[in-house]
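What follows is each chain in one-letter form.
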Amino acid sequence: MYCDKVIELLKELERSREDTIPPYNNDGINQVLSEMKTLDAEIIDFLRKQKDNLPLDAIRLRRAAIERNKRCLMTYIWTRLQRLKEMRWEIGAILPSDVRQNLSQSEIEWFNNYCKTLVSYMKTIGSDTGLNLTQDTKPPKSLYTEVRSLVDAGKLELESGEVLILRKNSQYMLSRSQAEPLIRQGILEQVRQ
Amino acid sequence: MNFCRQTQSNSKTKSFNTNSINLKSSRIDSVASLDDFPFTKKILTNYLNEILILRCHCVEPRRFQDNTTNIKEINMYRNIKPHYFSIDAIMAAQEKIQCSFIKKVEHVDFLDSIYSDKDEESDPKIELPLWMVKVFLVGKSIQFDMPKAYNEIYRGVLTADANVVDLFKLCKHFYLFGKFLSQLEHREAYEVRRTLIQTFIDRFKQTMDWAQNIDDNQPCFNRLDCLERLIFNDARVAQQHLNIYLTEGSGQMEIAAMILNYRKRKIHESRVLE
Chain A
1 MYCDKVIELL KELERSREDT IPPYNNDGIN QVLSEMKTLD AEIIDFLRKQ KDNLPLDAIR
61 LRRAAIERNK RCLMTYIWTR LQRLKEMRWE IGAILPSDVR QNLSQSEIEW FNNYCKTLVS
121 YMKTIGSDTG LNLTQDTKPP KSLYTEVRSL VDAGKLELES GEVLILRKNS QYMLSRSQAE
181 PLIRQGILEQ VRQ
Chain B
1 MNFCRQTQSN SKTKSFNTNS INLKSSRIDS VASLDDFPFT KKILTNYLNE ILILRCHCVE
61 PRRFQDNTTN IKEINMYRNI KPHYFSIDAI MAAQEKIQCS FIKKVEHVDF LDSIYSDKDE
121 ESDPKIELPL WMVKVFLVGK SIQFDMPKAY NEIYRGVLTA DANVVDLFKL CKHFYLFGKF
181 LSQLEHREAY EVRRTLIQTF IDRFKQTMDW AQNIDDNQPC FNRLDCLERL IFNDARVAQQ
241 HLNIYLTEGS GQMEIAAMIL NYRKRKIHES RVLE
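Quick note, the sequences are listed as chains A and B, same order.
Under full-length UniProt numbering, the residues of the first sequence are numbered 1 to 193, in order.
Under full-length UniProt numbering, the residues of the second sequence are numbered 1 to 274, in order.
A hint or two may mislead.
[Said to hold, decoys possible] Covered stretches of chain A (in silico footprint by chain B; criterion: 3 or more residues with CB under 8 angstroms from a CB of chain B, positions within the stretch not fixed):
1) 21 to 33
2) 57 to 69
3) 137 to 151
4) 161 to 175
5) 178 to 191
In short, the hints are calculated from the structure, not lab data.
From a predicted model like this one, the values you see are computed outputs, not experimental measurements.
C-beta atoms are modelled at their ideal positions from N, C-alpha and C, and glycine is treated no differently.
Bound-form chain A, shown alone (with noise of 0.2 angstroms):
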């Protein structure tokens, strides 16, 4: 029947969890795509073939395979991108590397500007430094806090220009703007009042 192979690429993406990328399925997508070709070639054939009694219904289904099937690639890469876009939120710009591996060759490209595009609006909003969006998802309520180290993670250079050396276990005082980055990504634990 036609559109099974469209629905099975859909169902492989719902399945998945929310918040992973299944590999890109080039294959299912060339095997659509060729399945509307041959279907836009059946459409042509019958108007060619047939001037007068044409198979109204056969070609009206066709024609709504070929616009179902359009529909469903176009969700497939539209869900793909909105999750991210989200990891862009969520994890920052750098990518883990086996979520890049599942990734295509044009996505990682459509990745990439939309970094470039998030840090160029960045740049344009708030005082002349420009506004961090991605900072202060919580509202703050004080400037410094006390955290502590989740994992050796060697050095860390302070606005101040000192340097610190992160150990696994040990609490430091760090600013707000500082440390949530890193709390963000699990190399620190923000202690508890």
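Following the hints, complete the assembly by docking chain B onto the known chain A.
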């Protein structure tokens, strides 16, 4: 979010004068003014659009035959389209309907193969996905029965007590699929629309109750339809945020959920490898 949205202008729906339709409105309002659930109202507003759409479905067309403007509004439900990129909507349109052809359709290969397997006299009915049925309905070459979940028997069950039904088992996309079905030309379409909204209203309170009060809610969750699952998840997250705020206060910075899940998965994968 893959959630149904209207492609038509939203403001039009919101300005939809509900007072002009005396349509059991008291029951719907009683949901909107639930005071015993703290987050209900907030979540309800998020889904208000969807509820309004369901509500439009509920209007009996015959009543307004003398008033042309109203007929326009009533027929609005036909123009309501889901989000173009909604996976749920696509899957709902893929659900099968039992139908039979009243005209001969030629040049469709897979139909020939289905029919050649069968003895033509005994059972002329076949199952086709909804989007195909829609195509054949344009040429009036097909007729269909309401699928099992929406037939008279199940409508009776749902009217009697919607809360005991396992909707996910009955039909994964109960509301969406039902909405699409009721947009088609069918003599039972109006009844289906009415059952849909009444079912949603009857089950809503229970859904919220489960989401906010039970810790181990997997068994309840399995009984919900896709739309209810979205509401359920939102309600649960809201309740968790509230609990955290009440016990720990605000301003605590935390690891990003995505990275946390990513790590858990890594640990799991390495264990599997070992």
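Problem set entry | Violated constraints from the hint list, given by number and in increasing order | 1 and 4
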